[in-house]
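Asker: Top to bottom, those sequences are chains A and B.
Numbered according to my numbering, the first sequence spans residues 1 to 346.
Numbered according to my numbering, the second sequence spans residues 1 to 295.
In short, the hints are calculated from the structure, not lab data.
Do not take every clue at face value.
To be verified - With a straight-line cut-off of 30 Å between C-alpha atoms, the simulated DSBU-like cross-links for lysine-lysine are:
no.	chain 1	residue 1	chain 2	residue 2
1	B	K239	A	K338
2	B	K239	A	K283
3	A	K247	B	K239
4	A	K247	A	K140
5	A	K38	A	K150
6	A	K218	B	K61
7	B	K61	A	K38
8	A	K132	B	K239
9	B	K61	A	K101
10	A	K200	A	K331
11	A	K150	B	K239
12	A	K338	A	K247
13	A	K338	B	K61
14	B	K239	A	K66
15	A	K140	B	K61
16	B	K239	A	K331
17	A	K236	B	K239
18	B	K61	A	K200
19	A	K132	B	K61
Stated by the list, open to error - Just so you have them, the derived chain A footprint on chain B, three or more residues with Cβ under 8 Å:
no.	region
20	136-147
21	249-255
All C-beta atoms, glycine included, are put in the ideal place defined by N, C-alpha and C.
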Amino acid sequence: MSWLRISLAALAISAALPVHAQTVTITTAGGDYGNAMKEAMWGPAAKELGYDVHEETLSDGLAALKMQVTSGAVTTDVIHLGSPEGAQAAAQSLLEPLDYKIVDPNSVPAGAKSDYCYPFDSYGTVMSWNTKTYGENPPKTWAEFWDVAKFPGRRALRANAQDSIEIALLSDGVAPADVYSVLSTPEGLERAIKRLEAIKPNIAVWWTSGAQSAQLLKDGEADLVVTWNGRAQTVKADGGAADYTFKGSVIGTDCLGVPKGAPNKEAAMKLIAAMTQPARVAKLTDFIAYGPVNPAGYEGGLIPEDRLKTLATAPENAGTSVFSNADWWVKNGEAAQKAFDEMMAR
Amino acid sequence: MTVLADPALAADARRERQFFLSLSLPALFIVGLAAILPIVWIIRQSFLTTGGEYTVGNYEKVLSSGLTWSALATTLELSLGTLAICILLGTPLALALASARPRVANLLMAFVMLPLWTSILVRTYGWLVLLRRDGLINAALTGSGLTAEPLPLVYNFTGTLIGMVHYMLPLFLLPVYAAMRDIDANLVRASASMGATLGQTIRTVILPLSSGGIFSGSIIVFIYTIGFFITPAVLGGGKVNPLSTRIERTLSTFQDWGSASVLGILLLVLMALVGVMFLAARRLIAGRRVGTAYA
Numbered sequence: 001m002s003w004l005r006i007s008l009a010a011l012a013i014s015a016a017l018p019v020h021a022q023t024v025t026i027t028t029a030g031g032d033y034g035n036a037m038k039e040a041m042w043g044p045a046a047k048e049l050g051y052d053v054h055e056e057t058l059s060d061g062l063a064a065l066k067m068q069v070t071s072g073a074v075t076t077d078v079i080h081l082g083s084p085e086g087a088q089a090a091a092q093s094l095l096e097p098l099d100y101k102i103v104d105p106n107s108v109p110a111g112a113k114s115d116y117c118y119p120f121d122s123y124g125t126v127m128s129w130n131t132k133t134y135g136e137n138p139p140k141t142w143a144e145f146w147d148v149a150k151f152p153g154r155r156a157l158r159a160n161a162q163d164s165i166e167i168a169l170l171s172d173g174v175a176p177a178d179v180y181s182v183l184s185t186p187e188g189l190e191r192a193i194k195r196l197e198a199i200k201p202n203i204a205v206w207w208t209s210g211a212q213s214a215q216l217l218k219d220g221e222a223d224l225v226v227t228w229n230g231r232a233q234t235v236k237a238d239g240g241a242a243d244y245t246f247k248g249s250v251i252g253t254d255c256l257g258v259p260k261g262a263p264n265k266e267a268a269m270k271l272i273a274a275m276t277q278p279a280r281v282a283k284l285t286d287f288i289a290y291g292p293v294n295p296a297g298y299e300g301g302l303i304p305e306d307r308l309k310t311l312a313t314a315p316e317n318a319g320t321s322v323f324s325n326a327d328w329w330v331k332n333g334e335a336a337q338k339a340f341d342e343m344m345a346r
Numbered sequence: 001m002t003v004l005a006d007p008a009l010a011a012d013a014r015r016e017r018q019f020f021l022s023l024s025l026p027a028l029f030i031v032g033l034a035a036i037l038p039i040v041w042i043i044r045q046s047f048l049t050t051g052g053e054y055t056v057g058n059y060e061k062v063l064s065s066g067l068t069w070s071a072l073a074t075t076l077e078l079s080l081g082t083l084a085i086c087i088l089l090g091t092p093l094a095l096a097l098a099s100a101r102p103r104v105a106n107l108l109m110a111f112v113m114l115p116l117w118t119s120i121l122v123r124t125y126g127w128l129v130l131l132r133r134d135g136l137i138n139a140a141l142t143g144s145g146l147t148a149e150p151l152p153l154v155y156n157f158t159g160t161l162i163g164m165v166h167y168m169l170p171l172f173l174l175p176v177y178a179a180m181r182d183i184d185a186n187l188v189r190a191s192a193s194m195g196a197t198l199g200q201t202i203r204t205v206i207l208p209l210s211s212g213g214i215f216s217g218s219i220i221v222f223i224y225t226i227g228f229f230i231t232p233a234v235l236g237g238g239k240v241n242p243l244s245t246r247i248e249r250t251l252s253t254f255q256d257w258g259s260a261s262v263l264g265i266l267l268l269v270l271m272a273l274v275g276v277m278f279l280a281a282r283r284l285i286a287g288r289r290v291g292t293a294y295a
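So that you can see chain A by itself, here it is in the shape it has in the complex (with noise of 0.2 Å):
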């Protein structure tokens, strides 16, 4: 009798909703993060729009998006990717371009803009260190974590190029700007990796995985490692004797992109921009320490004071920190990952 009655009651509050509302599809990665996004910005976007957004929760983005486009039986409107993906994707044409008109190119700082996927969260590949081991008096740069006669002590290392020739040549004296104009050169690349052969012999551990790289954090088996904020984060959470910093750090972002031949593009590009707007993108940080991408996100008091220093791209931090550059890494990542590996045999 009862269940008659919700059903009829449902009926009744559908036939009273316009008959044409518009359905969006969102593919996120799910779990904790993919609630963080519905809660912050995509669940307020909707509703201002007055859309009807569903939510698919996908590990592999990449190979999800690749299949759908390929098979032509696209169902995903706006999808969720790492910003290297997106590059990759954009590359294979799987994205459409993004509209102009109705996402604004330069909400975003001009080292993380990507015509195919708009970033919109960001994390760093930071400096960590043993608070045991340096005190008060940690390296601040990278050019001091490589002076081994003034900080002596253990490093680890990404066993990976990633990130790892970013580090190289900032602690060589390139300003975080000209990084990867340095980097595409063929002498820049070699600087790069002279730089790390420079300090191999002082590498303990090239970890991994990123619970490899908290680990030698935690158990003091490294006195200074490169790893990722979130990570560094917690071994410091859980009362490990360790500090980090973003000054410097490179920054990787995730992205919003519209797969190509999207049912409804236009409709996913205005929720892209709804969703992304200053409020919303600060408000992801009441959930996860993902920092806004848009440097709007840090004004007006969007984000509480104590919770700076745990966002990548806080404003203090601007101006020492490099964005991964995704598209030169989709086109060079091989040439330097071989250069790398060449290193490490030697």
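Here the structure of chain A is known, so what remains is to put chain B in place on it, guided by the hints.
Answerer: Just chain B, lined up with the frame of chain A:
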């Protein structure tokens, strides 16, 4: 084979053989499905570009890369190192086990087998706890003043070798122990009664008679260690990169299935070569022994 005079008996024997053969069909089916099909698929893949066209480019790329050859060298260093340590540690241990009283031997055997029943990941991380800078061994060494600084026991070649020997030793021991236990005790007594010292007995009686077991153990160690991945990945600290980690990098960083398949085939060829070499060596030694016995 003996020729059977009675045709009925011969038919019977044939039926029996066919019956036994049919019993083995499920096993053959599984082997075919789980081993041969994937290998055929890998060989096919090694000749394809990412676009699915036929090419020999993957072979050119992999075989002309210095990284492949340094990974191959690391693989051989790890395998031969593990094998050498297994022979040095395992043979005396097998001898002790084979000559111990049954109750003692069973107890010792339980200690040897225990690691075999533990997951390799657990064991590998266990070694990390023991060997790392603030680990148990270094804490004991520096605490007792034996060393001023912690020793670099892990995140390098040494640590990888320790982990691999720990994994392989029981597998090496089993065939050697079985061979030594089967030696007729009268032969050892005869040797002693003819005035041979213990060393001479071991060298001229026990080792030659257990060489079959040592060979089997060595083949097992070599074939296993050639493909080791977890141990170098966890205990090598990124500095020990055999072919297995090279394959992983080729797949995870470059998504290059063609080149990864070529590396996989290289591993297979290496295993086959080593297997043939071991068998040839075994036949050679066995032949010489028979020769001297009749001389």
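Asker: Compare the structure with each hint and give your call.
Answerer: Hints versus structure:
Straight-line distance between C-alpha atoms of K239(B) and K338(A) comes to about 15 Å, which keeps the hinted pair within the 30 Å bound. Our distance criterion of 30 Å between C-alpha atoms is broken by K239(B) and K283(A), whose separation comes to about 42 Å. Restraint check for K247(A) and K239(B): satisfied, since their Cα atoms lie roughly 28 Å apart, inside the 30 Å limit. Proximity of K247(A) to K140(A) is assessed by CA-CA distance (about 8 Å); at most 30 Å being required, the pair is judged to hold.
A threshold of 30 Å between alpha carbons decides the hint, and for K38(A) with K150(A) the separation of about 48 Å lies outside it, so the pair is violated. For the hint linking K218(A) to K61(B), the alpha-carbon distance of about 40 Å lies beyond 30 Å, and the restraint is violated. Taken as a hint, the K61(B) and K38(A) pair is broken in the structure, with Cα atoms around 46 Å apart against an allowance of 30 Å. Between the alpha carbons of K132(A) and K239(B) the distance comes to roughly 27 Å, so the proposed pair stays at or under 30 Å and holds.
Of the pairs offered as hints, the one joining K61(B) and K101(A) is violated, with about 46 Å between alpha carbons and a cut-off of 30 Å exceeded. Of the pairs offered as hints, the one joining K200(A) and K331(A) holds, with about 26 Å between alpha carbons and a cut-off of 30 Å not exceeded. Among the hinted pairs, K150(A) with K239(B) is consistent with the structure: their alpha-carbon atoms are about 25 Å apart, no more than 30 Å. Proposed proximity of K338(A) and K247(A) is supported: the alpha carbons are some 28 Å apart, at most 30 Å.
Taking the CA atoms of K338(A) and K61(B), the gap is near 12 Å; set against the 30 Å cutoff, the hint holds. Annotation: proposed proximity of K239(B) to K66(A) is violated, straight-line Cα distance about 35 Å (limit 30 Å). Proposed proximity of K140(A) and K61(B) is contradicted: the alpha carbons are some 42 Å apart, above 30 Å. For the given pair, K239(B) sits about 27 Å from K331(A) by alpha-carbon distance, which is consistent with the 30 Å threshold.
Restraint check for K236(A) and K239(B): satisfied, since their Cα atoms lie roughly 27 Å apart, inside the 30 Å limit. Distance restraint check for K61(B) and K200(A): the Cα-Cα separation of roughly 27 Å lies within the 30 Å cut-off, and the hinted pair is therefore satisfied. Distance restraint check for K132(A) and K61(B): the Cα-Cα separation of roughly 47 Å exceeds the 30 Å cut-off, and the hinted pair is therefore not satisfied. For the region 136-147 of chain B, the proposed coverage by chain A is not satisfied: 0 residues have a C-beta within less than 8 Å of a C-beta in that chain, short of the threshold of three.
With 3 residues carrying a beta carbon less than 8 Å from a beta carbon of chain A, the region 249-255 of chain B meets the three-residue requirement, and the given coverage holds.
In the structure shown, a violation is registered for the earlier hints numbered 2, 5, 6, 7, 9, 14, 15, 19 and 20, in ascending order.
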